[in-house]
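Asks: Quick mapping for you: the protein sequence lines, in order, are chains A and B.
With this note's numbering, the residue at position 408 of the first sequence is 408, and numbering never jumps.
With this note's numbering, the residue at position 103 of the second sequence is 103, and numbering never jumps.
Just so you know, these hints were derived from the structure itself, not from any lab.
Some clues are possibly wrong.
Note that the list lumps identical chains together, so a pair holds whenever it fits in one copy or between two copies.
Unchecked claim - Simulated crosslink set (DSS-like; lysine-lysine; CA at most 25 Å straight-line): (1) K110 <-> K197; (2) K110 <-> K199; (3) K110 <-> K314; (4) K89 <-> K390; (5) K414 <-> K270; (6) K364 <-> K110; (7) K314 <-> K269; (8) K390 <-> K110; (9) K52 <-> K320.
Protein chains: 2
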Amino acid sequence: MNYVAELLAVGTELLLGDIANTDAQFISQGLSQLGITVHYHTVVGDNPQRLKEAVAVARTRANIIITTGGLGPTYDDLTKQTLAEAFGKTLLLHEPTAQRLRDYFMRNNKREVPANSMQQAMLPEGCTVLQNDWGTAPGCAFVAEGIHVVMLPGPPRECASMFTNCAIPYLRALSDATIFSRTIRIFGLGEPAVENKLKGVMETMENPTLAPYAKEGEVLLRVTARAGNQADAERMVEPVLHMVADTLGDAVYGFDVPSLEAVVLDLLKKNGVTLGAAESCTGGLFAKRFTDLPGASAVFQGSVVAYSAAIKEKVLGVPKDVLEEKGTVSEETARYLAEGARRVLGTDLAVGITGVAGPDSDEKDNPVGLVYVALAGETGTYVRRIYMGKDRNWIRTLATLHGYDMVRRYLTGKDIETVEELR
Amino acid sequence: MNYVAELLAVGTELLLGDIANTDAQFISQGLSQLGITVHYHTVVGDNPQRLKEAVAVARTRANIIITTGGLGPTYDDLTKQTLAEAFGKTLLLHEPTAQRLRDYFMRNNKREVPANSMQQAMLPEGCTVLQNDWGTAPGCAFVAEGIHVVMLPGPPRECASMFTNCAIPYLRALSDATIFSRTIRIFGLGEPAVENKLKGVMETMENPTLAPYAKEGEVLLRVTARAGNQADAERMVEPVLHMVADTLGDAVYGFDVPSLEAVVLDLLKKNGVTLGAAESCTGGLFAKRFTDLPGASAVFQGSVVAYSAAIKEKVLGVPKDVLEEKGTVSEETARYLAEGARRVLGTDLAVGITGVAGPDSDEKDNPVGLVYVALAGETGTYVRRIYMGKDRNWIRTLATLHGYDMVRRYLTGKDIETVEELR
Numbered sequence: 001m002n003y004v005a006e007l008l009a010v011g012t013e014l015l016l017g018d019i020a021n022t023d024a025q026f027i028s029q030g031l032s033q034l035g036i037t038v039h040y041h042t043v044v045g046d047n048p049q050r051l052k053e054a055v056a057v058a059r060t061r062a063n064i065i066i067t068t069g070g071l072g073p074t075y076d077d078l079t080k081q082t083l084a085e086a087f088g089k090t091l092l093l094h095e096p097t098a099q100r101l102r103d104y105f106m107r108n109n110k111r112e113v114p115a116n117s118m119q120q121a122m123l124p125e126g127c128t129v130l131q132n133d134w135g136t137a138p139g140c141a142f143v144a145e146g147i148h149v150v151m152l153p154g155p156p157r158e159c160a161s162m163f164t165n166c167a168i169p170y171l172r173a174l175s176d177a178t179i180f181s182r183t184i185r186i187f188g189l190g191e192p193a194v195e196n197k198l199k200g201v202m203e204t205m206e207n208p209t210l211a212p213y214a215k216e217g218e219v220l221l222r223v224t225a226r227a228g229n230q231a232d233a234e235r236m237v238e239p240v241l242h243m244v245a246d247t248l249g250d251a252v253y254g255f256d257v258p259s260l261e262a263v264v265l266d267l268l269k270k271n272g273v274t275l276g277a278a279e280s281c282t283g284g285l286f287a288k289r290f291t292d293l294p295g296a297s298a299v300f301q302g303s304v305v306a307y308s309a310a311i312k313e314k315v316l317g318v319p320k321d322v323l324e325e326k327g328t329v330s331e332e333t334a335r336y337l338a339e340g341a342r343r344v345l346g347t348d349l350a351v352g353i354t355g356v357a358g359p360d361s362d363e364k365d366n367p368v369g370l371v372y373v374a375l376a377g378e379t380g381t382y383v384r385r386i387y388m389g390k391d392r393n394w395i396r397t398l399a400t401l402h403g404y405d406m407v408r409r410y411l412t413g414k415d416i417e418t419v420e421e422l423r
Numbered sequence: 001m002n003y004v005a006e007l008l009a010v011g012t013e014l015l016l017g018d019i020a021n022t023d024a025q026f027i028s029q030g031l032s033q034l035g036i037t038v039h040y041h042t043v044v045g046d047n048p049q050r051l052k053e054a055v056a057v058a059r060t061r062a063n064i065i066i067t068t069g070g071l072g073p074t075y076d077d078l079t080k081q082t083l084a085e086a087f088g089k090t091l092l093l094h095e096p097t098a099q100r101l102r103d104y105f106m107r108n109n110k111r112e113v114p115a116n117s118m119q120q121a122m123l124p125e126g127c128t129v130l131q132n133d134w135g136t137a138p139g140c141a142f143v144a145e146g147i148h149v150v151m152l153p154g155p156p157r158e159c160a161s162m163f164t165n166c167a168i169p170y171l172r173a174l175s176d177a178t179i180f181s182r183t184i185r186i187f188g189l190g191e192p193a194v195e196n197k198l199k200g201v202m203e204t205m206e207n208p209t210l211a212p213y214a215k216e217g218e219v220l221l222r223v224t225a226r227a228g229n230q231a232d233a234e235r236m237v238e239p240v241l242h243m244v245a246d247t248l249g250d251a252v253y254g255f256d257v258p259s260l261e262a263v264v265l266d267l268l269k270k271n272g273v274t275l276g277a278a279e280s281c282t283g284g285l286f287a288k289r290f291t292d293l294p295g296a297s298a299v300f301q302g303s304v305v306a307y308s309a310a311i312k313e314k315v316l317g318v319p320k321d322v323l324e325e326k327g328t329v330s331e332e333t334a335r336y337l338a339e340g341a342r343r344v345l346g347t348d349l350a351v352g353i354t355g356v357a358g359p360d361s362d363e364k365d366n367p368v369g370l371v372y373v374a375l376a377g378e379t380g381t382y383v384r385r386i387y388m389g390k391d392r393n394w395i396r397t398l399a400t401l402h403g404y405d406m407v408r409r410y411l412t413g414k415d416i417e418t419v420e421e422l423r
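If we strip away everything but chain A, and leave its shape as in the complex, we get (with noise of 0.2 Å):
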């Protein structure tokens, strides 16, 4: 059977300009993993009338239609009701989705639920159930007349959520090709380096190919092979895999792993270390990104934002004659903030970071962009200076992936210290 999906968002925001259709990116990324084409995207508002129109033009071009949006607890909130119609479908009240919402509202609120959120608990008949873990609207699925209706909520967190852990299972189970990908991941060097370095290879590739993709500074190289069955598909892209990493080297730092800093924990905890830090231009970046990992807590012990000079002294103890004489930015304050940071913190490494994340140059006319990111350990302390541009969230961000990259290395026995190319 050949599928062809098209995206019906619902949402006035939308026709706006308030918010751009994330969601569909997101899906259509995940269709095209899926094998599964995807021939139209559409955009209707919050209109029940012309949503019903939409699906009557979508259904005779496509046999799944994802919806986006409309889910939710307001009166304008009218997929649900607007596609069981289409095709010819009761709302029924879940009673398990019910009771969740009666469960919340009582924890939270200690009242009954109201009628316009009961609403999310009506579903059409014989449909799946797909379960929001973030949010109150469940979405679902049903197929009726050949035709596959998958519907999802719009805030795009829980989309995101709900299409990998939901319509994917139950998306894969309808298509018949293979196709299977793996993401290598690369920091410390810029897409051109990457290209560059495998120059005549990418182009080359057709079956796996290899395709770059860059993301706040870091490179993705994603293998993707297409065969008859998933043996074969992974076979094929094993090889390309080692190829790449013997060409790009230490800048490679994972396979299908999510995040830096995720590898990072990991090296952490196999090695029973654990981590802090003491952050100026970052201001908390450092920690937030990664206590955002679930388990941080058994490694990460905490950083000190130190904003202000008086508190790299009083708290950190960066002596007051190297702030004033070398300069809030600088290797000197990199190096101490992160001893300062170990020191306090207990910590057996730390990170320290300091550098001009603008808008304007700091008291020294360091220029906007210099960052000194200093990594303290039982062996020394190891400081990288690096240069990067005018954006205050790419240097913040940059700033906090190079602190990851050095305790990384730190933990692989790799060299700490040199910097590559990042554009």
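Take the given structure of chain A and dock chain B to it, following the hints.
Replies: Only chain B this time, still in chain A's reference frame:
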């Protein structure tokens, strides 16, 4: 004349999820300001048959069709040919564009224009040519059978610049209404609660309209008026702002402001008050988000991310018996964290946050989602107890927003501890 627009994006890369349709967002914002309603966005691949079908659908439901993409020099750039054919127009060589191409190729490549590139100079007869200052492919606009067709290039920078510089003046000439919007920002009430409090008002308002949308822990209400001129539209919006502010009370934290933390930064600056924090479950997010704001360093001194109990005790002075008897997630610990941060960091105000962000319950079996947020200041220490669901990111985000909200209420003389329902 009442104009209804449909945006038609052409590009297989959108259907594969390589990029999001940010062109549609940008153009929709502009159309909304011009008072032109958008009923649908459609995305179609580089496929002439399906593009033709999408045009056939669009012309039945819109009288302005704006296409993006498919104007370039490659074989799959088919937008002009397809749209011209659909509206019975012939493509003719546009001599000034041809000359620009000849100049461009001579200057850069020292050769004649290749045939595929020259197709960029073929434009529908009688069209308005929209010059592209960023690339070689011009856009165009024409009217046929009562439908205005505007074609813009796909690359976001080219599209945005041509839309702003060429398409807006073209469309403004068609429009006869002015649209004016203001946004009311709310923290501390969920979308259903906002709707309940404004029951009967939102649904019945027609001009101005009042529309809610949820945004990570907050609710935004947009008031939009349509009038013959700007001054009238502004006058119509004003009383609605006051009505909403009166109805929702302290939960309204601003009109047209960028974020809660931005309002807090302004208040701190105006009052000459410094801020610090002690963060457990938020792991640096409170500091990170605040220091995302350029200029935060004027008032924000720092934060101690005390992920481990040892740091809570040793760096921030939370008594060991409090940690052991009351637990790290308790009202008492939150108080000590805020007061400890205020003392150690030497700030006027300090926020302390402790809670269970999950995935597991804490050592006292407190449930995931339970958070205490404390604010210590000259007049005392205030605590909120909040229960906020199961998602780690959501818990951390909401806890952070509660911290900012308490600072806002402290500095504006409002009730600091009361929490209304958020869903």
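Asks: I'd like to know which numbered hints this structure contradicts. Please list them from smallest to largest.
Replies: Violated hints (numbers, rising): 3, 4, 9; every other hint is consistent with the structure.
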